[in-house]
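Residue numbers (our numbering), protein chains in the order written: chain A, 1 to 316; chain B, 1 to 316.
Derived by calculation from the structure, the hints in this document are not laboratory data.
There may be inaccurate statements among the hints.
[As the list claims (entries may be wrong)] In silico BS3-like cross-links for lysine-lysine, where the CA-CA straight-line distance does not exceed 27 Å:
| hint | chain 1 | residue 1 | chain 2 | residue 2 |
| --- | --- | --- | --- | --- |
| 1 | B | 225 | A | 308 |
| 2 | B | 226 | A | 225 |
| 3 | B | 100 | A | 240 |
| 4 | B | 240 | B | 12 |
| 5 | A | 298 | B | 308 |
| 6 | B | 298 | A | 161 |
| 7 | B | 309 | A | 12 |
| 8 | A | 309 | B | 107 |
| 9 | B | 308 | A | 161 |
| 10 | B | 107 | A | 308 |
| 11 | A | 311 | B | 63 |
| 12 | B | 308 | A | 12 |
| 13 | A | 226 | B | 311 |
| 14 | A | 161 | B | 225 |
| 15 | B | 226 | A | 240 |
| 16 | A | 311 | B | 226 |
| 17 | B | 104 | B | 226 |
| 18 | B | 311 | A | 161 |
| 19 | A | 242 | B | 121 |
| 20 | A | 10 | B | 10 |
| 21 | B | 121 | A | 311 |
| 22 | A | 309 | B | 309 |
| 23 | B | 311 | A | 298 |
| 24 | B | 226 | B | 308 |
[Unchecked claim] Derived coverage of chain B by chain A (criterion: at least 3 residues anywhere in the stretch with Cβ under 8 Å from a Cβ of chain A; other residues may be distant):
| hint | region |
| --- | --- |
| 25 | 25 to 32 |
| 26 | 85 to 97 |
| 27 | 116 to 129 |
| 28 | 151 to 157 |
| 29 | 179 to 188 |
[Claimed, not checked] Sample of chain A residues at the chain B side, in silico, Cβ under 8 Å:
| hint | residue |
| --- | --- |
| 30 | 148 |
| 31 | 171 |
| 32 | 175 |
| 33 | 215 |
| 34 | 218 |
Computed from a prediction, not measured in an experiment: that's the story for all the values here.
The beta carbon of each residue, even a glycine, is placed where N, CA and C say it ideally should be.
There are 2 protein chains.
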Amino acid sequence: MENRVTDLLKIKYPVIQGGMVWCSGWKLASAVSNNGGLGLLGAGSMTPELLREHITKCRTATKFPFGVNIPLIYQEIDGIMKVVVEEGVKIVFSSAGNPKTWTKMLKDNGITVVHVISSSKFAKKAEDAGVDAVVAEGFEAGGHNGREETGTFALIPQVRKTVSIPLIAAGGIGTGAGILAAMSLGAEGVQMGTRFALSAESSANVEFKRLCTNLNEGDTLLSLKKLSPTRLIRNGLFNKLKELEDRGAGADELLELLGRGRTRIGMFEGDLENGELEIGQIASSIREIEPVETIMQKIISEYNDSLKKLKEEDEW
Amino acid sequence: MENRVTDLLKIKYPVIQGGMVWCSGWKLASAVSNNGGLGLLGAGSMTPELLREHITKCRTATKFPFGVNIPLIYQEIDGIMKVVVEEGVKIVFSSAGNPKTWTKMLKDNGITVVHVISSSKFAKKAEDAGVDAVVAEGFEAGGHNGREETGTFALIPQVRKTVSIPLIAAGGIGTGAGILAAMSLGAEGVQMGTRFALSAESSANVEFKRLCTNLNEGDTLLSLKKLSPTRLIRNGLFNKLKELEDRGAGADELLELLGRGRTRIGMFEGDLENGELEIGQIASSIREIEPVETIMQKIISEYNDSLKKLKEEDEW
Chain A
1 MENRVTDLLK
11 IKYPVIQGGM
21 VWCSGWKLAS
31 AVSNNGGLGL
41 LGAGSMTPEL
51 LREHITKCRT
61 ATKFPFGVNI
71 PLIYQEIDGI
81 MKVVVEEGVK
91 IVFSSAGNPK
101 TWTKMLKDNG
111 ITVVHVISSS
121 KFAKKAEDAG
131 VDAVVAEGFE
141 AGGHNGREET
151 GTFALIPQVR
161 KTVSIPLIAA
171 GGIGTGAGIL
181 AAMSLGAEGV
191 QMGTRFALSA
201 ESSANVEFKR
211 LCTNLNEGDT
221 LLSLKKLSPT
231 RLIRNGLFNK
241 LKELEDRGAG
251 ADELLELLGR
261 GRTRIGMFEG
271 DLENGELEIG
281 QIASSIREIE
291 PVETIMQKII
301 SEYNDSLKKL
311 KEEDEW
Chain B
1 MENRVTDLLK
11 IKYPVIQGGM
21 VWCSGWKLAS
31 AVSNNGGLGL
41 LGAGSMTPEL
51 LREHITKCRT
61 ATKFPFGVNI
71 PLIYQEIDGI
81 MKVVVEEGVK
91 IVFSSAGNPK
101 TWTKMLKDNG
111 ITVVHVISSS
121 KFAKKAEDAG
131 VDAVVAEGFE
141 AGGHNGREET
151 GTFALIPQVR
161 KTVSIPLIAA
171 GGIGTGAGIL
181 AAMSLGAEGV
191 QMGTRFALSA
201 ESSANVEFKR
211 LCTNLNEGDT
221 LLSLKKLSPT
231 RLIRNGLFNK
241 LKELEDRGAG
251 ADELLELLGR
261 GRTRIGMFEG
271 DLENGELEIG
281 QIASSIREIE
291 PVETIMQKII
301 SEYNDSLKKL
311 KEEDEW
């Protein structure tokens with residue numbers, strides 16, 4: 001397997017593990033990188049000093065490339081960027097913010113920059129800002145999400161037509177068949193969050209993982225549209241938020257209920273009723289918490305099986 | 001090309017034209033059937049007598065199979081079913097209702113029944129009710145939509161695992177590459193609404209079609225969740241509804257604003273500000289109003305190109 005994504009990121013398979021809050025520490029990232037994908041540390045739930053620790057540990061745990069996901073709206077962004085440069089990180093996936101602000105500085109420091117977008121308009125902006133590739137993430141994805149609500153099926157071909165840089169698909173992808181489907185639509189690689197968030201090496205609370213592997217379709221919904229659209233599990237907190245929204249509450253009232261640290265409470269500390277639980281729609285297809293090695297093996301063999309099957313199809 | 005869907009429906013290509021309100025009369029359905037797909041008359045916007053007229057005309061216009069889409073919650077459902085049986089219709093696609101109610105009667109009359117669902121739970125119910133196949137329609141689709149909001153990427157593999165009857169994918173599919181992606185996920189055919197709604201033969205108002213071929217991502221959103229979730233274009237009516245919803249209006253207030261006949265006003269009469277405009281997300285990829293023959297040729301050649309490209313991929 002060799003294409004623009006494997007070449008750019010120097011990886012064996014074009015499979016990237018999403019850098020998610022509370023899930024993506026050095027254990028997960030190094031396991032994915034050791035198994036031929038690209039592991040990403042999730043800076044969104046780390047202080048700069050904690051990120052430094054994870055980078056150091058990840059470097060010891062794998063000799064393969066890994067990267068850091070950085071939400072650009074993060075309040076400690078300056079400290080995070082300083083650590084990334086000082087520690088000689090080679091790959092940054094940026095998200096949730098303007099790619100113009102940091103891309104030049106990162107590239108000047110020899111860092112490969114990939115930006116996560118949810119529309120072809122933002123893909124074009126990212127390309128114009130000089131990023132090396134984009135992740136196009138559809139409505140199915142967990143956590144923060146685009147206001148356009150474009151599903152992966154409609155999003156990927158649209159972004160493919162709009163930009164010429166390498167395109168990585170995300171949102172609703174958790175299997176090898178999903179990877180092949182994304183490739184059919186024009187993607188050159190995939191980013192999978194949910195599947196890896198529910199791996200043994202993910203640092204999320206095990207009760208959270210167990211809940212996620214028992215979800216059905218419709219158990220996550222895009223919420224908080226008056227703040228920043230976020231896909232959440234329908235738990236106690238979700239229901240309280242929905243009740244407020246249904247009776248017309250504004251942003252202030254929602255923020256007051258939310259308070260701070262709700263994802264930590266839910267995903268890290270395991271308070272499944274009062275925490276903010278972010279996970280993607282594809283969770284309803286994932287029934288087991290497995291080691292990354294098993295997940296990667298399954299994905300690769302599913303991909304090969306699906307490809308083999310398609311190769312038997314006749315032209316129309 | 002031959003598989004369970006082409007065998008069941010006796011068509012050349014496993015491409016079904018969605019039976020949409022105000023778009024799918026005999027001209028559209030017969031054109032699709034004449035070009036190797038399956039045309040469906042959309043009974044949802046027809047009186048029983050008008051449906052009879054369209055069936056008669058469609059039979060004259062094509063010697064190939066065609067069918068009728070029937071929303072089961074339709075108020076004139078008894079009259080519609082009577083016409084379908086009396087006219088010897090061979091294929092019914094039912095949607096929006098309980099498949100148990102009518103499937104047996106239709107099957108007893110020698111009619112092939114396909115039911116449209118938005119979740120694997122409903123797919124199982126449809127299979128148990130004895131339908132011959134299901135259409136699994138994802139969040140990207142225009143018009144009425146499931147409460148689970150599951151995107152096509154996550155929905156198809158889930159339904160594939162749940163039922164063993166033939167599976168047709170819908171929602172966000174408008175190109176040959178999209179068909180191949182749906183097949184990769186386990187579908188055996190596709191239903192395309194939006195692409196055919198914007199064809200020359202669609203009976204929708206030409207101003208509506210022109211608006212649709214100029215939409216961008218995010219210009220349709222799932223709306224009316226307190227009534228029945230419906231994907232609409234963000235026009236004047238949508239904004240009024242959203243304003244009500246944002247300040248906490250209940251179902252009664254929304255219904256009062258809506259009144260009756262809003263889809264007719266918008267999609268058939270062409271009042272783009274005050275009408276209810278139903279179309280799928282994939283509209284943002286469609287820039288031309290073309291004859292069905294051209295659309296089918298393009299889809300087939302895109303499918304073949306995408307398949308050829310995938311066949312060159314190495315296994316991992």
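Here is how each hint holds up against the structure:
no.	hint	result
1	B:225 <-> A:308	violated, 42 Å
2	B:226 <-> A:225	holds, 16 Å
3	B:100 <-> A:240	violated, 35 Å
4	B:240 <-> B:12	violated, 45 Å
5	A:298 <-> B:308	holds, 25 Å
6	B:298 <-> A:161	holds, 16 Å
7	B:309 <-> A:12	holds, 20 Å
8	A:309 <-> B:107	violated, 33 Å
9	B:308 <-> A:161	holds, 19 Å
10	B:107 <-> A:308	violated, 37 Å
11	A:311 <-> B:63	violated, 33 Å
12	B:308 <-> A:12	holds, 24 Å
13	A:226 <-> B:311	violated, 45 Å
14	A:161 <-> B:225	violated, 32 Å
15	B:226 <-> A:240	holds, 17 Å
16	A:311 <-> B:226	violated, 45 Å
17	B:104 <-> B:226	violated, 32 Å
18	B:311 <-> A:161	holds, 22 Å
19	A:242 <-> B:121	holds, 24 Å
20	A:10 <-> B:10	violated, 49 Å
21	B:121 <-> A:311	violated, 31 Å
22	A:309 <-> B:309	holds, 14 Å
23	B:311 <-> A:298	holds, 21 Å
24	B:226 <-> B:308	violated, 45 Å
25	25 to 32	violated (count 0)
26	85 to 97	violated (count 0)
27	116 to 129	holds (count 3)
28	151 to 157	holds (count 6)
29	179 to 188	holds (count 7)
30	148	holds, 3 Å
31	171	holds, 7 Å
32	175	holds, 6 Å
33	215	violated, 11 Å
34	218	holds, 3 Å
The structure does not agree with the numbered hints 1, 3, 4, 8, 10, 11, 13, 14, 16, 17, 20, 21, 24, 25, 26, 33 stated previously, though it agrees with the rest.
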